[in-house]
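Given the sequences, and given the hints that come with them, work out the whole structure.
The listed protein sequences correspond, in order, to chains A, B, C, D and E.
So in the numbering used here, spot 97 of the first sequence is number 97, and the numbers just go up one at a time.
If you count the second sequence from 1, you need to add 1000 to reach the numbering used here.
If you count the third sequence from 1, you need to add 2000 to reach the numbering used here.
If you count the fourth sequence from 1, you need to add 3000 to reach the numbering used here.
If you count the fifth sequence from 1, you need to add 4000 to reach the numbering used here.
The hints are simulated quantities; they were obtained by calculation from the structure and are not laboratory data.
Fair warning: there could be bad hints in the mix.
To be verified - Here are the computed lysine-lysine pairs in the DSS-like style, where the Cα-Cα straight-line distance is at most 27 angstroms: (1) K1023/B x K2068/C; (2) K2023/C x K2089/C; (3) K2023/C x K4068/E; (4) K4089/E x K3068/D; (5) K23/A x K68/A; (6) K1089/B x K23/A; (7) K2023/C x K4089/E; (8) K3089/D x K4023/E; (9) K1023/B x K1068/B; (10) K3023/D x K3068/D; (11) K4023/E x K4089/E; (12) K1068/B x K23/A; (13) K1023/B x K2089/C; (14) K89/A x K3023/D.
Here is what each chain is made of, one letter per residue.
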Amino acid sequence: MNIGRVIGTVVATRKDETLIGSKLLITQPLNLRLFPEGAARVMVDTVGAGVGELVIYASGAAARNAAKRSEGAIDMAIVGIIDTLNTDKSWLTVYGIGDGKEDEFLE
Amino acid sequence: MNIGRVIGTVVATRKDETLIGSKLLITQPLNLRLFPEGAARVMVDTVGAGVGELVIYASGAAARNAAKRSEGAIDMAIVGIIDTLNTDKSWLTVYGIGDGKEDEFLE
Amino acid sequence: MNIGRVIGTVVATRKDETLIGSKLLITQPLNLRLFPEGAARVMVDTVGAGVGELVIYASGAAARNAAKRSEGAIDMAIVGIIDTLNTDKSWLTVYGIGDGKEDEFLE
Amino acid sequence: MNIGRVIGTVVATRKDETLIGSKLLITQPLNLRLFPEGAARVMVDTVGAGVGELVIYASGAAARNAAKRSEGAIDMAIVGIIDTLNTDKSWLTVYGIGDGKEDEFLE
Amino acid sequence: MNIGRVIGTVVATRKDETLIGSKLLITQPLNLRLFPEGAARVMVDTVGAGVGELVIYASGAAARNAAKRSEGAIDMAIVGIIDTLNTDKSWLTVYGIGDGKEDEFLE
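Below you can see the structure in the form of structure tokens.
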């Protein structure tokens, strides 16, 4: 699964029938610094996530499982809302992928 | 799912039988600035999309589900036509992935 | 699906039994300028494609469906031979992903 | 499968029911030099891995199989804990992807 | 499928039960110049491949099919050992992805 930030919504009147009634959220994939990693994606919300929240999302069949729609036109879904990320600061330093200030972005 | 722009069509006389009768559209994946992100793809249309439209597309089994062809030679399909993208301008600014002028490209 | 050019063949005497009897083609993924995009892949031919041809290929279960081998060791297959690509020149220009000279590479 | 280092944990109170009771580990994908390769991912632990350990992880259905949850909202899982990596130094040199000092990072 | 070079092995005492008894090989993905393309992966051998050999590998369900373990924690497997790569030199030149000296690396 990946870490992302919900940053918007999509309105699409014409869409696959299995997407009707689902909230379609624009989510920005993030790295451990909580900075963008690749392009934003559109995904189905399955846990009541809102704009601004830090989330876990899944792809493929895992997303359809979360949405309870194994036959759906869904390939990405939000499957959790992150309360806290507990990282080992020493490894973040070795790898140069964090600076201990990530928590500023958590709220 | 991903955001893309339909920018053309493909004609292929010799093709898998499960692709016969399907409209094969060339779609350019886009980021939130609505600028290209990676190479254009060929996908099946399932919602009546046309060249120039901004769409949502799905990959893998989700694409076959949308095309109602679980046994088909399909791995990408257009599953929605975007009316509006509602993004949180403050996050776009923090992330440097938008400038508030995205709407110019919507039509 | 993706656009690619068949540029060779692979001979592999020792291989999975589900690959025996299949033509294994080396295919270069291309962007809309018909220039290389990423590394060449090895795929099963299902439509009678030959070296030099511009093709559509699919990945995952779509490739196994095309090869009629749902239990096969296949994750990529050629599923169509491209006759023509009809692209909207104005979008190619906006996106900077084509220059109107793509047809030179079609034959 | 990929090589990664477990570098933290995620707490998510609201999450898909199939993730309840699973340990969600933040894992950094690594290359053969054991340096970061792409963004960290969130995955389910199925082998009793802990922070700091070098692991093998799998994606997609393989991850759900390891977690014994074929209907779960899981697309990545840790499936092994690495004791040793035995690499052919001559190829690492030819490819420029290792320097013989990888073992320093193993513990 | 992809082209790769087997460059080592992994020892993992604690691992998913479906991986027990399988040879876990470290394989470096290669481009047509037979130079590295992305990070090395860990995969199951299904054709008797050894360190130093040039191989074809598959991902996802294709890998589980090759390993005869549809319920396994496997997402990559070696499915063939390459004897020869026959490429069209003219296209390699057009695309700038080969120089006719690839054979030096074949043995």
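(message) Please list, smallest to largest, the hint numbers that this structure does not respect.
(response) 2, 4, 11
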